Structure formats: C-alpha cells, structure tokens
Amino acid sequence: MGMRKVAVVGAGMTKFVRRAQETGKELSYEAAKMALDSCELTLEDVDGVALGTAPDAFDGVHMKGEYLSDGAGAWRKPFMRSYVGGGTGVFAPIQGWYHVASGLFDVCLVVCEEKMSSCQPHPQGAFLTIFDHTTERPLGPNLLWIFALEMNRYMQTHGLQKKDIALVSVKNKRNAADHPCALLPEPNITVEDVLNSEVLAWPVQRLDVSPVTDGAVALVLASENVAKRITDKPVWIKGVGWSLDSAHWTNRDLYYPKYVEYAARMAYEMAGIREPRKEIHIVEPYDPFDYKELHHLEGLLLADKGDAPRLTAEGVTARTGNMPVCPSGGLLGVGNPIAAAGLMKVAELFWQLRGEAGKRQVPGKPITGLAQAWGDLMQVGTVIILGIGG
Amino acid sequence: MSSKIKEYPGVALHESDFAEKKVLYTTWEPNARYAWDTGVAIGRYLAELKRGHIVGTTCHACRRIVVPPRVFCEWCFRPMDEWVYLQDQGVVNTFSLCHVRWDMERVKEPLIPAVIEIAGASKGMGILHLLGEVDPTEVHIGLQVQAVWKPARQRTGAITDIRYFKPSN
Amino acid sequence: MSREVAIIGVGYTGFRALTPDVSYKELMYEAAVKAYDDAGVDPRSDIESFVTVAEDFTEGTSIFDEYVPDQLGAVLKPVHTIAGDGLHGFIAAYMQILTGALDIVAVEAHSKASNILTPQHIMAYAMDPVFNRPLGANPHFIAGLEMNLFLSETGTTREQCARVVAKNRRHALYNPCAAFGATIEPEDVLASDTVAWPLARLDISPHADGAIVVVLASKQRAEELCDLPVWVTGAGWCNDSFSLENRDWSSAVYAAKAGEMAYRMAGIRSPWQELDFAEVDDTFSYKELQHMEALRLCRPGEAGVLVEEGVTELGGDFPINTSGGSLGMGNLLDASGLARLLEVILQLRGEAGQRQIPDVTTGMAFGWRGLPTTSGAAVILSNGYEEV
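Chains as they are written, first to last, in the working numbering: chain A, 1 to 390; chain B, 391 to 559; chain C, 560 to 947.
Chain A extracted, bound-state conformation (with noise of 0.2 Å):
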C-alpha cells in the first residue's frame, strides 16, 4: 500500500488502585512521563498527543480532555481527544497511529486516563446518563442491566452454563497475580467462588465483573525513521479497525458482536493477515466482565461463534497455551479505568512482543499481538495488531 509505518516505541502505567491519591491530571504525568523515560525522549521531541478518556462524569469535569491536556504533555502542542466510550482506550493508539502516518507527525504521545473514583456516591451513576434520554433512562436502568441481557442471550443462543464461562474470571484473575499494577490479583481463586459471588443482576455475578478502578497509561508512538534511529525492538502498528453498530440496540441479536467482526477484518486487511488463528499469536480482548472475553473471541474470528468457552476450558487460552488471551490478567484482574484499561492491552502486547513482560511473559517468542476494546450501548469494537518484524 505504501503507507506510511509506524512503531510503539515506550509504554509506561500507573498502578491500577480502587481510589488514586493523584488527580487525574497528575496520573496522565506520571504515565506519560514513564512512557516517555522508557524510550529515552522527552517532551520536545512530541509533535502531538492523542489522548484517550471516556464520560466525563467519572472525572466530574465537562471537557476533561481539556482539563486533562497539560497533565498529558499537550503545553502549546496539536491536541485532540479522541472518544467511543469502553472502546477508547483501543482507540487513542488508533487515534495517533493516523497522526502519524498521515505525514504530519514523527513522535505523537497517547495518553489514556480514567479517575471514575471522582464520581460518588458510585461510579455506577455515570453510567445512568448513557440510555436513551426519552424512551430508556424514565425506566430508571443501570449499566449491569445491558451486560446481563447480553449474557443471558449468548448463554441461551449455545446453551452455555455459568461454569463455562465463570473459567475466564479464574484466568485472568490469576494471570494478574503476576502484573505489579494490578488491582485485584487472586491467585487462587477457583470457579465455585465466581459461581458463589453475590448475584448482582442475573446472570452477572460479583466476580464476573471487573473493578471500578482508577489509573493511566501512555504509549509512545514514532514513524519508522524515528523508531528506528531510538530503538532497535520498534513494535510495528500492522493493522487498525474500529466499526460502530445501530444505536438501537434493543433492535440488535445481541448474542454475536457483529460490530467486533468488522473491525477485525477491517485490521487483518490492512495487517495482510488471511488466517487470524494461526498468524495472530497473542491476544488482549477486552474482559470487563467475563462472558465479554469469549464473545470478543468470537466476534474477532479467533473462535467460532459459541465455541469460546471450549478453548478456555482446554486451557489454548492460557498464558501458556497455544492462543494465550489477556496474560495481562486484563481488566478482570489489573483493574478497568475504562480507558486506560484499552491501552493497558496495547502496552501488553508492546512488551509482550520484546519479550520484557518479565513474569508474565508467554512462551514461544509470539511475532502478532492483538489487543481489542469495546463499549457504548453494546456497540463499538476497536481492534489493534501489532507486529515485531517486517
């Protein structure tokens, strides 16, 4: 295609914690800050920064991106705030990839931030405003109702039990034992505590959902030239999607994400990718709750449509297993400051593929990562591949 390539060069994070000390001005600084240090560039040598931060009414701030733009390194500098609820945090690396191969930019900084703790008396109430002002938000609905609706339809839709897919939250909890920021690392949690948390909305149960959470990350994205005058392990970006579905979602079979399909493919076109489960050798889907992990596995071709829990059951999706998924211990485990949560993946697969994920690293020397996000009202998927080599 001749387009122009461009490498994840430094990555740096906050710790995940239920209630941060720093604003959240001051957790976009230290993540950025981080991922500046670790590739050994600093401020000026940033053309652009692309943050990432989804509603508003967790930080309490109308226009946050702005609020939060000198926290992000973006002093006198071309700024934008990119924004698809629960997908963003896949975005904003989406968002800076086309800063720089547009042309315009050699270094663009991503800033991904999220301070729900802000919002009392529970983050839950932010999430009130997301419904249809006139014809959903007088039935007085909250956030669980959407993800119980859709699990109960893909339960249903293969005939899947609570067990099946309780095994996710087993998982990624306990890969999370071994990531230094991670909220809620459980290294011996089995499926009966998932099956004998506390029902919360049926089929969703405590610890089928991931935290409220407060945290950043940052990545440090560079065009080929760049990358490689600063590092010799650039990550390649090989293929970006992202695909909107219908705001009517009661319109929608919600048990397959369509809308996750088109991303995909729309990524793998681009990455030059025909075969995804063989060429795709680590993957980070978005698990805010545990039946998303399957779904998203489904919808990104990487299992066949209700077929997901059967790989996780026989252990492919293991950290040491042939498709390993989320070995972060993902939002599950590390925690979900919903935007931060995306780019946490995508810094995974940063060092995952340089082989520097320290106790987390899986086996095999893996060449393609995938990292993928999702939100809004069941509607939005963001997909990202990254590539050593080539």
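Just so you know, not all the hints are guaranteed correct.
[As the list claims (entries may be wrong)] Dumping the calculated SDA-like pairs for lysine to any residue here, alpha-carbon to alpha-carbon at most 25 Å:
#	chain 1	residue 1	chain 2	residue 2
1	A	33	B	513
2	A	258	C	661
3	B	396	A	19
4	B	513	A	19
Treat the hints as calculated values from the structure; they're not laboratory data.
None of the values given here were measured: they were computed from a predicted structure.
Position chains B and C relative to chain A; hints supplied.
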C-alpha cells in the same frame, strides 16, 4: 520496559484515609438540566403511547417494520414510508433479574428488565422495558408478554405509560 | 504532502435559536442527506469512515457517540467522536485520508444548545474543580479578564469591539441560514448590560441550533466525483495551558501556534497577503480581533483599527466573517468551527449568494472551543484557481 521497572507510580487511598481526614477533597454537584426536543418520530411515539398504542415505522426498501419509530431507515438511509400500529404484546428476547440499584445497594425484589420483541414489527425489533406480575423463576427467553398500561388519565406521553409487561393470558 | 485532500460536499440545516420541531438525530440527518447529495456519494457504500464532534455535557448524554451512526448512514462503519471543535474533527478526517488507508471520510458537528437549560452551570463544570470552581463565579469572568488585558495591552477600545458585533450581525442579514442578522449600531452594544466588565451582553454570541456535515476525499476520488473540489492546503491546531493560573492572558497563543502550523503546511509566509479572506472565531467580539492578531492577519494592535476602517467588512480589502460569524449565525457550541469552514467552502465555490466575495482563491477558517478552554484549530482551503 515492564521487567526492568521496579516501582510504578500511583498511590492507593483507603476509606480510613478519609475517615481519619488524612486527605482533603472538594465536592460538587453539577447542575445539568436539559429539555430534549423529541422531534417527529419519538414525538409521535410518545403521543401514541398516551393514547394506548405502540407505533412503529416501515421502510419499503428493506421491508422492515421498526420500533421505536424513526423518520429515516438507518440501513437504507432513506425516509421511512409509513406509520404502522403494532400490538401491545410481544416476546421476551432477553432479560435479567437485577438485585441492585445503580449505586449497588441491594433491593428486596429483583427488577426484571427485558428486551421485548413487539408483535407486528419485524423479527428482532425489541424495546427495553420491565416485566411485572411474574415469578422471577418463571421468566424465560421466548415468554409471551403483554403490556400493562397506566389508566388513560394518568398517562403523560412517556415510555412509563406502560407500567410493565406481564405474561400473556 | 504526498497526498492531496479535497472537500467534495457540504450539507447544513438552517441555524435557529430554537428547533423544537426536530430531534437532534433528525437535525443531523437533514445535514447529512444534503451533504451526501452534494457530494454525489452514498454513505452506505461510498463513505469509508465518519468523524463526529460532541461533548457529553452539552448533549446531556454520557458516551454520546452511541447515538450518532444511524442518522449519518454510518451503521457498522468506522465511526468515532472527537471531543473537540468541528475543525478538530475535520482535521481528524483529513489525517485519516492522508494515511492512504481511506479515501472518503465524512465529518459532522451539531448544536442543540436550546435543549440545555443550565448552560452557565455546564460551562462552570468545565473549570478546574479544586482551584476555580469553588469561587462560584459565572465563567464569563474569564472572558472579562482576558478582554480587559487585551484592550489595555493593544490599545484596542470597547467601541472597536462593538463594531465587530455590528459588522457581523449585518453580514448575517445576507446569510439566509443565519439566526441573528440585525442592523445594530456599536452604541447599542456599548449600552447593553455589562456581563463581566468590559464584556457586555451584546459582545457575546447567542447560542443557536443546527448541524453541518462535510465530505472529504482523496485527490483521485475527488476528481472523479466532483467538478468543484475545494482543496485542503493547511491545517494546524494547538492547546495552551488549561490552567487559569498559568495561561498567557494577553495573546491567544493557541491561535498563533495553530496558525503557524497551518501556514507552514500551506507554504504561506504572509497570511495577510496570501489569503483572500478569513472566518475566525468571534464567540466574543474581542476574540475576533485577538484572533486576527494571533493569526497574523494584521500587525499587533491593528485589528481594532482595521474594523473601524471597514477593511474587514463585506466589500473591504480583507473580509472577515462574511457568514455573520458566531455573533450573527449563533454560537453553535462545537459546531462553530465547522460553521466557519462552511462559509469558506461556499465562498470558494462561488455559492455565497449576496455575500459572495469576488475572485477568491484561498481562505482560512479558525475555531476556538470557547470558555474556559485554550484550544483552537485552523484550516486553510483553496479552490485551485489561479490568482487573477
């Protein structure tokens, strides 16, 4: 470089830090109020609910009858052709038994939100509503339900003019 | 630049103080249908990506991007929101085409400002929660602080600012889509209530509703589809410090830096001579003058004199805001920058009707995100005609 970094930034606070006043904070209650124009499609939808009807629109190009109604077809990107009265009954497409409020306080009886495919509309065309007058253990996907309306004088032209849906018969 | 990008279609609604007859979705649909017809494209098969701009608290909906695809013909397509001005969204679409991965991209911006019942409170909610919000002041004080320093440092007068209002509202009389066309005198502005001295009520652009959609295409597709493509020759955007405590209060640094980036890309050294006209943000009267100076459309301290001499009015040497600007068309929230761009497109296509400037080839649009931000974006367009 994950394996080389010894310490990650970020300081976790705990409830006790607030109770013992170790940290300061400010509070703010946003005054954010809106009056959304309902427009043509949803305006009529609400007016018909007040009269005790569920109304949809139909697109002659893709032959779908949709609810809630809209003035344009999102698939064909053309104006909708006709208004159609639908039945005030349908089938449960999916449901949940919700034991917590939005602030995670537990409630005594679970609320039962459901997507209900409305009879008379195309297959799969559902709306979000609640189920009532039903034993939660009896609810299942595929359950036939019908609307329970508020008395005509109490209706305001809102989705809540239907109190809930209950099992048919 | 290895790849050229053109505007191949534009669609817009009328801009009105109130639009009770349509929902925001129906408003956006109207603009989209017109833009796609103008461009000769089918959104379902031809447009590859869509960008919208929105902020949750101006919509009253969290994660507002949920509600955009249907009315844009964008269902199951690449769609994303930029929480920025319409020009930021436009530039995002522009960059997507520059990558070479996409050929046709649409950008949408809209305002349903009339649906916000507590606009001052929403604006205040954008201020720093620890340092500024507890002061409890109407955020227009920020404009008062800035205006006061601008007047005192440059010697610009309140009368000159008032002339901007009179000029732009008169321009709006010639724009059938503008909400606030009027024949008013500078004295009327000076006599209006003080909001945050020296800022008076008529120095502030009133809110309006409306929607705008613009379709962009790569050179190859543009030449296939369009007889009158308008070329994007430069784009720049910048944020100064958000903090009221640290920002530069006297000059609009964000505008200066955004302008420099765009000029550099367009190869423009002397904007005053090389541009034929401009649409620059006039959310407040003094902002038009401050932005003119920051964008080097005049020498420092000269903007007020130029408006006095009629240089920037329709028929003058360097017309500014022939559309009526935000003062005359209405403050369209984050659609304001796209409204500025809309006028530049219409002028360069020769479709500006009564307000058409003769023989124009190159124009600039500049947008600012309003209080309390320091965020601005500039886009330079050309119709490719040879200068006569």
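Which numbered hints fail: 1, 4
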